[in-house]
Amino acid sequence: MTVVAIDASYTIPIVTDIVVIAPDQTTGVLFTADQLSASYYMAAHAYASAAGAPFDNTTTTGIIIYEDATPLTPQMPVLPAFNDTPTAHKFSSNLTGLVNGLHWTPVPLEIDEQMFVTVGLSLVACEGTTNATCAGPFQQRLGANMNNASFQFPTKLSMLQAFFNNVDGIYTTDFQNQPPLVFGG
86 MTVVAIDASY TIPIVTDIVV IAPDQTTGVL FTADQLSASY YMAAHAYASA
136 AGAPFDNTTT TGIIIYEDAT PLTPQMPVLP AFNDTPTAHK FSSNLTGLVN
186 GLHWTPVPLE IDEQMFVTVG LSLVACEGTT NATCAGPFQQ RLGANMNNAS
236 FQFPTKLSML QAFFNNVDGI YTTDFQNQPP LVFGG
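In this note's numbering, the protein residues as written are 86 to 270.
Hints listed in this document are in silico derivations from the structure and should not be mistaken for laboratory results. As the structure is a prediction and not an experimental result, all values here were calculated from the model. Glycine residues also receive a C-beta, built at the ideal position from the N, C-alpha and C atoms. Certain hints may be false.
[What the hints assert, rightly or not] Just the calculated beta-carbon pair ranges, DEER-fashion: (1) Ile-255 <-> Met-127: 39 to 45 Å; (2) Asn-185 <-> Ala-154: 39 to 45 Å; (3) Pro-191 <-> Gln-120: 57 to 63 Å; (4) Thr-257 <-> Ala-229: 15 to 21 Å; (5) Met-200 <-> Pro-139: 27 to 33 Å; (6) Ser-177 <-> Met-200: 20 to 26 Å; (7) Thr-257 <-> Pro-159: 49 to 55 Å; (8) Val-114 <-> Gln-261: 33 to 39 Å.
Given only the sequences and the hints, what does the whole structure look like? Please build it.
Dropping the structure here:
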């Protein structure tokens, strides 16, 4: 496989047998069918680095069958462990934007803003939801936050729609430079 784009931005092509994809991310991958004529599994499972956090640990598979292959049951590939951070890091750290590609923008060389941003995952109350992930005596679910501000579903327009259509009142441009609470370390 050759990765050629991430989220509609071209990358310097990476030849790999493992692709790491985040939720809501798109990845452009060219698949080259150049193996011996046979049947092969293509398999995927979650990468979960948070110790003790529940996640779907099932594996999904598809079978690639070459046109002239003898019908044999393919062997299951050896997948990385669910928490194999070095493999995930190796993939992600090798992604590089395609210089002079369609949407390439040079990295600014002067810093004009400094921010301390925290990204967290915590238990939040399930207020007014019938979601199955909130079943149980504590009525809580995992929720992500940035600088202690949790995601909230839009009630009118998404931030992206508001930005492109110049709609006021959906978001502000004064994101705090530091989290409101000090985190221990």
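Which numbered conditions among the earlier hints are violated in the structure presented, ordered from lowest to highest? Going through the list in order, the structure violates hint 3 alone and respects the others.
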